[in-house]
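Engineer: With chain A's structure known, arrange chain B on it following the hints.
Number of protein chains: 2
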Amino acid sequence: MKKLSHAEILPLRLTPEAALENNRHPIILLLDNIRSLYNVGSIFRTADSALVAQIILCGYTPHPPRIEIEKTALGAVDTVPWRYEKDAASVIRELQADGWKVFAVEITDSGRQYDSLEYSDFPAVFVLGNELVGIDQTIVAATDGAIEIPMYGVKHSLNVSVAAGIVAFEAVKAWRRSSQKD
Amino acid sequence: MKKLSHAEILPLRLTPEAALENNRHPIILLLDNIRSLYNVGSIFRTADSALVAQIILCGYTPHPPRIEIEKTALGAVDTVPWRYEKDAASVIRELQADGWKVFAVEITDSGRQYDSLEYSDFPAVFVLGNELVGIDQTIVAATDGAIEIPMYGVKHSLNVSVAAGIVAFEAVKAWRRSSQKD
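Quick note, the sequences are listed as chains A and B, same order.
Throughout the first sequence, residue numbering follows this note's numbering, covering 1 to 182 in sequence.
Throughout the second sequence, residue numbering follows this note's numbering, covering 1 to 182 in sequence.
The following block holds chain A by itself, in its conformation from the complex:
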């Protein structure tokens, strides 16, 4: 078994031009009041790999151009469609009016698991909140539901960019499986 070199991997990837035009997965990551530039950069990288449709940065979430985001994103700020919108609640209402299902990634009394997504849950927006306090209750209440990653140990949460990665790749699998794109 041999590790592939960058030169061997390159032709397997989309070009930057193709990435922006491609039939991207019907998944949006909405980041509300995320504090860390490194988490935002890491989520851009995840969004490129998962080929999600868009990242929406809300509230005080830092947004490009910021050198720290670009450094962590390793170029993914140019390969993932993104926009900044101050008010997450307004964006959520607009997305819902356009037919998107909006899910809070948060521990709630719903208890729905992150790996229960079905065809009817798409197109899907996943809201990720602040590193310390999570998503505001007013935003949680505005969503169509919540999903959670099971916490088997002592602590209450994952790093937000890790949670975004787990949810994004699970959503990609659910979408591809249920829409038979594979």
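Possibly wrong hints are sitting among the right ones.
Claimed, not checked - From the structure, some residues in chain A lie toward chain B, with a derived Cβ separation under 7 Å:
1) Met1
2) Lys2
3) Asn33
4) Arg35
5) Leu37
6) Arg45
7) Asp87
8) Ser90
9) Gly153
10) Val154
Unchecked claim - Some chain A residues judged to face chain B by a derived CB distance under 8 Å, without partners named:
11) Ala19
12) Ile67
13) Ala76
14) Lys155
Claimed, not checked - Quick look at which bits of chain B chain A covers, simulated, 3 or more residues with Cβ under 8 Å:
15) 63 to 77
16) 82 to 88
17) 139 to 151
18) 164 to 172
Don't read these hints as lab results, they were simulated from the structure.
Glycine residues also receive a C-beta, built at the ideal position from the N, C-alpha and C atoms.
Structural biologist: Relative to the frame of chain A, chain B by itself:
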């Protein structure tokens, strides 16, 4: 739908004492030559949430006690069994002799997907490598196989702590499903 408070979540979690005694998932994360203290701290947090059996830190991967790891891990260095071993190749041989299957999380010519794990793949060790150059080819060659997370976009890799989270939670699902622990 209501977000749960920390006070409501607390009784749902293991105590630190129970976490170390509990029947942990037969999954080890082996970090070889990881550079970033923050990635190591984030992986400790993931390992707590996924209740993996152990983290093994190898090569120049920083290990506790380091204030930056503890800050990012938010206490998980005390709730996850871990050890430092300089030489990853030796540890891999010992683990294999003890019946563990060792997988490189790396893009190789094997092409096996990360979500193809079955009962016979456990107990399982997942090797994660350096942020820039990945896992050394000599270590890749010493494993029983490689798994990869599909890269649908332009870039070649995820942040290593994000990749660790995706693989760890997928492995937990595969183990619980295949061993019918759910």
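Engineer: Now tell me if each hint is right for this structure.
Structural biologist: Comparing the hints with the structure gives:
{"no.": "1", "hint": "Met1", "result": "holds, 5 Å"}
{"no.": "2", "hint": "Lys2", "result": "holds, 5 Å"}
{"no.": "3", "hint": "Asn33", "result": "violated, 14 Å"}
{"no.": "4", "hint": "Arg35", "result": "violated, 14 Å"}
{"no.": "5", "hint": "Leu37", "result": "violated, 12 Å"}
{"no.": "6", "hint": "Arg45", "result": "holds, 6 Å"}
{"no.": "7", "hint": "Asp87", "result": "violated, 19 Å"}
{"no.": "8", "hint": "Ser90", "result": "violated, 20 Å"}
{"no.": "9", "hint": "Gly153", "result": "holds, 4 Å"}
{"no.": "10", "hint": "Val154", "result": "holds, 4 Å"}
{"no.": "11", "hint": "Ala19", "result": "holds, 5 Å"}
{"no.": "12", "hint": "Ile67", "result": "violated, 17 Å"}
{"no.": "13", "hint": "Ala76", "result": "holds, 6 Å"}
{"no.": "14", "hint": "Lys155", "result": "holds, 5 Å"}
{"no.": "15", "hint": "63 to 77", "result": "holds (count 4)"}
{"no.": "16", "hint": "82 to 88", "result": "violated (count 0)"}
{"no.": "17", "hint": "139 to 151", "result": "holds (count 8)"}
{"no.": "18", "hint": "164 to 172", "result": "holds (count 5)"}
The structure fails to meet hints 3, 4, 5, 7, 8, 12, 16 from the earlier list, while all remaining hints are met.
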